[in-house]
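Turn these sequences into a full structure, and let the hints steer you where they fit.
Protein chains: 2
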Amino acid sequence: MINSGAKLWNKAKKIIPGGNQLLSKRSDQFLPDYWPSYYRKAKGVHVWDMDNNNYIDMSIMGIGACTLGYADDDVNKAVENVIEKGSMCTLNCYEEVELAEKLLEIEKWAEMVRYARTGGESVSIAIRIARAATGKDKIAFCGYHGWHDWYLSANLKNNENLTDHLLPGLNPLGVPQSLENTCFPFNYNNINDLEEIIANEDEIGTIIMEPVRNFDPDISFLKKVRKIANEIGAVLIFDEITSGWRLRVGGAHSIYGVDPDIIVFGKAMGNGHPIGAILGKEEIMEIAQETFISSTFWTERVGFAAAIATINKMENINNPKHLIKAGKMITKGWKELSAEHNLSLETMGIPPLTTFVLENNDSQMQTLFNQEMLDRGYLASNHVYTCSHHTDKVINEYLEVVDDVFGLLRNAKENNTIKEYLRGPTISKGFKRLN
Amino acid sequence: MINSGAKLWNKAKKIIPGGNQLLSKRSDQFLPDYWPSYYRKAKGVHVWDMDNNNYIDMSIMGIGACTLGYADDDVNKAVENVIEKGSMCTLNCYEEVELAEKLLEIEKWAEMVRYARTGGESVSIAIRIARAATGKDKIAFCGYHGWHDWYLSANLKNNENLTDHLLPGLNPLGVPQSLENTCFPFNYNNINDLEEIIANEDEIGTIIMEPVRNFDPDISFLKKVRKIANEIGAVLIFDEITSGWRLRVGGAHSIYGVDPDIIVFGKAMGNGHPIGAILGKEEIMEIAQETFISSTFWTERVGFAAAIATINKMENINNPKHLIKAGKMITKGWKELSAEHNLSLETMGIPPLTTFVLENNDSQMQTLFNQEMLDRGYLASNHVYTCSHHTDKVINEYLEVVDDVFGLLRNAKENNTIKEYLRGPTISKGFKRLN
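Chain order of the listed sequences is G and F. Okay, so the first sequence: first residue is 2 according to our numbering, each after it adds one. Okay, so the second sequence: first residue is 2 according to our numbering, each after it adds one.
Wrong hints could be hidden among the right ones.
Straight-line alpha carbon distances no greater than 27 Å define the calculated DSSO-like cross-link-like pairs of lysine-lysine that follow [to be verified]:
#1 K282(G) <-> K8(F)
#2 K103(G) <-> K282(G)
#3 K336(G) <-> K326(G)
#4 K314(F) <-> K329(F)
#5 K12(G) <-> K282(F)
#6 K78(F) <-> K314(G)
Residues from chain G that keep clear of chain F, each with C-beta distances beyond 12 Å, as calculated [unchecked claim]:
#7 I61
#8 E99
#9 S123
#10 W148
#11 D165
#12 E232
#13 R249
#14 N313
#15 M330
#16 A340
#17 G350
#18 G378
#19 E398
Since the hints were derived computationally from the structure, they do not count as laboratory data. Note that the structure is predicted; figures quoted are calculated from it, not measured. Each residue gets a CB set at the ideal place from its N, CA and C atoms; glycine is no exception.
Spelled out as structure tokens, the structure:
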């Protein structure tokens, strides 16, 4: 029988185009028709759906926003304290200065800070500042950077320009045509790509990339990007919205010994409470005094209080160390169990954002995995974003269930009965119209 | 002696370009060098600064975000409840559907809803949708609509295009040059302006405006705008981030009998907790399924829970009725007292957003007003954004103090001793570099 959450999802799709506010949380990405879709309560790695079924989250953990687990007591205490004391006022909250000092201690090469509430707008602020500082509009980019015009404009010339960074074949509908030829993609670990852009375009003022995500960086690649930025006088932006706070408390880039001119943080920084930060060198950030960048809700207090409490706790418990260890343990388990069950499985991503590709990305097999894991009490997909509550015990129990489900998948594959096992449609990949 | 907040402000300016995240909350806009700048606690209309001095807020009340007063018990209870139960998860929160249903009851002409966290990005979503739906990039606009490229691009051709809508002489630094000639201003209550744009530009696909703000609308003007939008097949967007929830529970437009195709809400909708909403007709909103508009923190639970609780309370206590009454009482008081003291004073704005212009906008006189009101326990400027805690008693006591301060101003003016009274620099108007 269809669950209450799935019913509500069908209702939502009629009044919210796309059903929700984030592609990665669409039910069709996990298990069309049968995904619980909505939650009443979440705590640690436990999630209760609309029918009060309890699951353990071994998937995207709020798309990587909650590395301390859901509803962390210490972060919530700090947040509730500022809500009780008023989280909005005509005056400013002092926590924004306190957080700035903390961030500048963590990223010692940076000298000034601005804030926003969401990742997309944080990156757009960084782009505005970079363009204002250089006087050049053109951008070379690598990786995912949000929904804004500057980024999607890459597809105005060729709607495959964002294929390897965002999604295949995205039409940049509603993005001004005049932005064509302002934004050029280069591939990760491929310095020739970037060199080619620089050779063909005079006016590249900004180079923006995720320093790490699905693959380990070739450190010489990162160093060459830095060198090119210096040579052409471009602002180098590292978007660490996803990679930040997982390999160390701060940006991952410093592990590789390469500093940007601007860094952007978000997601995990407030353990699920909305906050974004843009840090950079003073000579560049200063231009924010001369271009209008201003918004009411960027002044709200909760984001700053949450970030201070989250960063303090990450430091106190050495959270990145745990995230890496948990991710390695999960990845190792997947590899061993898939080998035992004769399933083809590849893994990718830094350990705290570990991913598998099952049977050469077979949608039916992945759907069956998600379905069977859900039946056994897990929110699961081919991604695990690790958190502090992914303990050895939680992971070992999860891997026992994966063992069971991989056995079922092997059986279904060998007997060619996958379709008979599937109760509903297969998962969607990428972006498609929902009905 | 300089207060602790003013000291912190000086520190902030060194590590945060512009000192904070919102022009309207900069200390130099109120009382340079002596404004308390930061708060520890805010409740109702009471604010406590870093030195625990207590003030009554008779100014912008969190730039209009808190029409139920600061830290409203009912809203905070709803917010803390969802924080305890987890405000971020891999699953979606059901409150976003509940809020959508509520909003669509309030704005009956609308059929679909999307959300964001800040006003600027909410309007940018509306613009993206309108451009995608019409296939036309050009925009005619009136009023203030945030910091984004689409809007600031109006000044690429002539840096006075935004003078009457945002600020005088703003340089659109960092906004791509290729956006020149995509965004055209028209003046409020001036249909000829809009007609001229339509006559000169073939490709206007979007008309965006604040239906009311500083002046009452000429209703025939609003109706003509609607008619023009229909005739040219443009999407009409009403930005009610500022005007919404003050004249009725919902958008002000329906008082004038004119519906848009898309409406944007923000600010007061969550009583200070960040939330924005974009509502529109299904045939237009549906295109959001085909252009990528997606962000992690738009899924966070607090904004939805806050908005549901805020709207319920606004309805239960008929908050707009109170906001209007309080605004009229304050405006009347200003007029009477200024007349008694032989001061020139004009008022403007809808009652819940009442404003005075003192002595033909004399900066020194306004600075002295702010300074003397602060000495007497008030956060005050020439704007009052009314809230439910601006009771008759609070307003009468405020007006007694205004009487006192207007007397002082008269004296200073008549004896030409304004400069002697002023302890610090005069207020800034508009946007200028801070040192």
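Status of the hints after comparison with the structure:
no.: 1; hint: K282(G) <-> K8(F); result: holds, 23 Å
no.: 2; hint: K103(G) <-> K282(G); result: holds, 16 Å
no.: 3; hint: K336(G) <-> K326(G); result: holds, 16 Å
no.: 4; hint: K314(F) <-> K329(F); result: holds, 22 Å
no.: 5; hint: K12(G) <-> K282(F); result: holds, 17 Å
no.: 6; hint: K78(F) <-> K314(G); result: holds, 26 Å
no.: 7; hint: I61; result: violated, 5 Å
no.: 8; hint: E99; result: violated, 10 Å
no.: 9; hint: S123; result: violated, 10 Å
no.: 10; hint: W148; result: violated, 5 Å
no.: 11; hint: D165; result: holds, 15 Å
no.: 12; hint: E232; result: holds, 22 Å
no.: 13; hint: R249; result: holds, 21 Å
no.: 14; hint: N313; result: holds, 18 Å
no.: 15; hint: M330; result: holds, 20 Å
no.: 16; hint: A340; result: holds, 28 Å
no.: 17; hint: G350; result: holds, 17 Å
no.: 18; hint: G378; result: holds, 14 Å
no.: 19; hint: E398; result: holds, 18 Å
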